[in-house]
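Hey, can you work out the whole structure from these sequences and the hints?
Protein sequences, first through last, are from chains A and B. Going by my numbering, 46 is the number at position 31 of the first sequence; the sequence numbering is gapless. Going by my numbering, 93 is the number at position 62 of the second sequence; the sequence numbering is gapless.
Bear in mind the hints are in silico, worked out from the structure with no lab data behind them. Note that the structure is a prediction, hence the values are computed from the model and not measured. Errors might be hidden in some of the hints.
With a cut-off of at most 25 Å between alpha-carbon atoms, the simulated SDA-like pairs for lysine to any residue come out as follows [unchecked claim]: (1) A:K298 x B:E86; (2) A:K271 x B:V96; (3) A:K240 x B:E80; (4) A:K240 x B:E113; (5) A:K271 x B:L106; (6) A:K262 x B:I48; (7) A:K240 x B:K93; (8) A:K271 x B:E113; (9) A:K240 x A:Q140; (10) A:K271 x B:E94; (11) A:K262 x B:E113; (12) A:K262 x B:V96; (13) B:K93 x A:K271; (14) A:K240 x B:A51; (15) A:K57 x B:A51; (16) A:K143 x B:A51; (17) A:K262 x B:S90; (18) B:K93 x A:Q129; (19) A:K244 x B:D64; (20) A:K240 x B:D64; (21) A:K298 x B:D68; (22) B:K93 x A:I200; (23) A:K262 x A:H242; (24) A:K240 x B:L106; (25) A:K262 x B:I79.
So you can see what is in the structure, the chains are spelled out below.
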Amino acid sequence: MGVFGIERAAYFQPESKGNVFEWASLHGYSDEFARLAFERNKINEFYISDRTAEELAVAAVERLNLSPNELRDVEYLIYFHTLQTSAAMDGQSAPARIASKIGATRAKCFSLAQQNCVSPMAIFQILKAYHSVGKFNGKAIVVGADVVMDEGMRLIDGMQMESDGAAAMLITAGYDRSRVFDVQIVTHGEHYAGMDISASGEANNATADRLGYLLLSRLGRRISKQHEKRPYDHVVPHNVNPTGLTKVAQTLGVDKDNVFLSNVPRNGHHYGCDNIINYMDAKTDRVINENDWVLWMAVGMGRTYGACAVLD
Amino acid sequence: MNNNEATEIVQGIIGNILQAEVNLAETDVNLFDLGLDSMSIVDFLMAIEEEFDLEIEESELKEDVFTSAHKIVELINTSLSEGV
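This is the structure in structure tokens:
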């Protein structure tokens, strides 16, 4: 039985959108490279923000529509991000600034970053640990945001196209819908070879690729074996390498049609926010329904693998 | 189960996955060189765990393990003896 649930979730995407082919042309990629990358990524558009990650995070939390009293009762505000430029300046605290702006004045604030796209799942693990020692019995806001500060730095050759945006969740102890059943994460130092293409001459480490699917599949399988003991009804992956993650889902007995990818072309890759956004979209589209057993999957840069089961 | 028996079982599993006859008598055969790839390695390990009724910890799943049949058998024996 999960000890907490996702009571509310919301996301915020900026007003401006870019087209991936125009972007590739502007930034010196050949048409052929761009075509291959985008065929593999399934992404056509992405979001561009002229605001900071912190501002987007505040906008996402505001969409949770919490009253001033509810905000005052929030026990924790936990901020996650991937990019360094999404953190506050030296000597400041992005989570504390966000909490202050939204009125979560009693919240204990901290951030989690370097689990990258798996950060929200790592936060679930932290909340679970807090709950087990009696330090989390109420509500927590989990909010993430990322903004690429230099357009030329958006990655397109890592089976993705990075997109600016933010997502937030209200996590409530004892909430019995959208229960977070279990989270499994592995960060395997053996597989990290870095992503510095210019230094190594290669985009990805072959070792990491060869064992990555294996690790991800095992995490999902472990949760299933320990809990519901039935195939997942849906897999909600993050928006990177949709072809590979669909294959991983199939190793778990999930039909490819039950891997939620329909919003990938229009959204791009919102880093750690992907799973939250995709989960919400799948519910809005009525793809996920009551009692569905759903697996979130993500792989973080730095070779962090995460799987999280949610029972709706 | 001795190492030869375990190696034979591993050999059979790989043969089934690759749909080809394989010979693991040479203990330094790299399983990736035999033709296993990033997806078929998933099937391989699932079959190993099912056949030997064990669960191998993620921390044990390193590239080096797949560089020889001998190391796979060693890992199987370790996992069995630890009752994981």
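Here is how each hint holds up against the structure:
As the CA atoms of A:K298 and B:E86 are separated by approximately 34 Å, the hinted pair breaks the 25 Å bound. Straight-line distance between C-alpha atoms of A:K271 and B:V96 comes to about 30 Å, which puts the hinted pair past the 25 Å bound. For the suggested pair A:K240 and B:E80, the alpha carbons sit about 13 Å apart, so the restraint of at most 25 Å is met. Pair hint A:K240 plus B:E113 holds up; C-alpha atoms about 20 Å apart against a cutoff of 25 Å.
At roughly 33 Å between alpha-carbon atoms, A:K271 and B:L106 are farther apart than 25 Å, so this suggested pair is violated. Restraint check: the Cα-Cα separation between A:K262 and B:I48 comes to about 16 Å, which is no more than 25 Å; the hinted pair holds. Straight-line distance between C-alpha atoms of A:K240 and B:K93 comes to about 23 Å, which keeps the hinted pair within the 25 Å bound. A threshold of 25 Å between alpha carbons decides the hint, and for A:K271 with B:E113 the separation of about 36 Å lies outside it, so the pair is violated.
For the hint pairing A:K240 with A:Q140, the CA-to-CA distance comes to about 19 Å; that is within 25 Å, so the pair holds. Annotation: proposed proximity of A:K271 to B:E94 is violated, straight-line Cα distance about 28 Å (limit 25 Å). For the given pair, A:K262 sits about 31 Å from B:E113 by alpha-carbon distance, which is inconsistent with the 25 Å threshold. Distance restraint check for A:K262 and B:V96: the Cα-Cα separation of roughly 23 Å lies within the 25 Å cut-off, and the hinted pair is therefore satisfied.
Restraint check for B:K93 and A:K271: not satisfied, since their Cα atoms lie roughly 28 Å apart, outside the 25 Å limit. For the proposed pair A:K240 and B:A51, the alpha carbon gap of about 31 Å is over 25 Å, so the pair is violated. Between the alpha carbons of A:K57 and B:A51 the distance comes to roughly 34 Å, so the proposed pair goes past 25 Å and is violated. Simply put, A:K143 and B:A51 have alpha-carbon atoms about 47 Å apart, too far for the 25 Å limit, and the pair is violated.
Restraint check for A:K262 and B:S90: satisfied, since their Cα atoms lie roughly 23 Å apart, inside the 25 Å limit. This hinted pair checks out: B:K93 and A:Q129 have alpha carbons roughly 22 Å apart, not beyond 25 Å. For the given pair, A:K244 sits about 35 Å from B:D64 by alpha-carbon distance, which is inconsistent with the 25 Å threshold. Of the supplied pair hints, the one linking A:K240 and B:D64 is violated, its CA atoms being roughly 32 Å apart against a limit of 25 Å.
Using a Cα cut-off of 25 Å, the hinted pair A:K298 and B:D68 is violated, with the two alpha carbons roughly 35 Å apart. For a cut-off of 25 Å, the pair hint linking B:K93 to A:I200 stands: about 16 Å separates their Cα positions. Taking the CA atoms of A:K262 and A:H242, the gap is about 22 Å. The hint holds against a cut of 25 Å. Note on A:K240 and B:L106: the hinted pairing holds, with a Cα-Cα distance of about 22 Å set against a maximum of 25 Å.
A C-alpha spacing of about 20 Å is found between A:K262 and B:I79, which places the hinted pair at or below 25 Å, so the restraint holds.
Of the hints listed earlier, those the structure fails to meet are numbers 1, 2, 5, 8, 10, 11, 13, 14, 15, 16, 19, 20, 21, in rising order.
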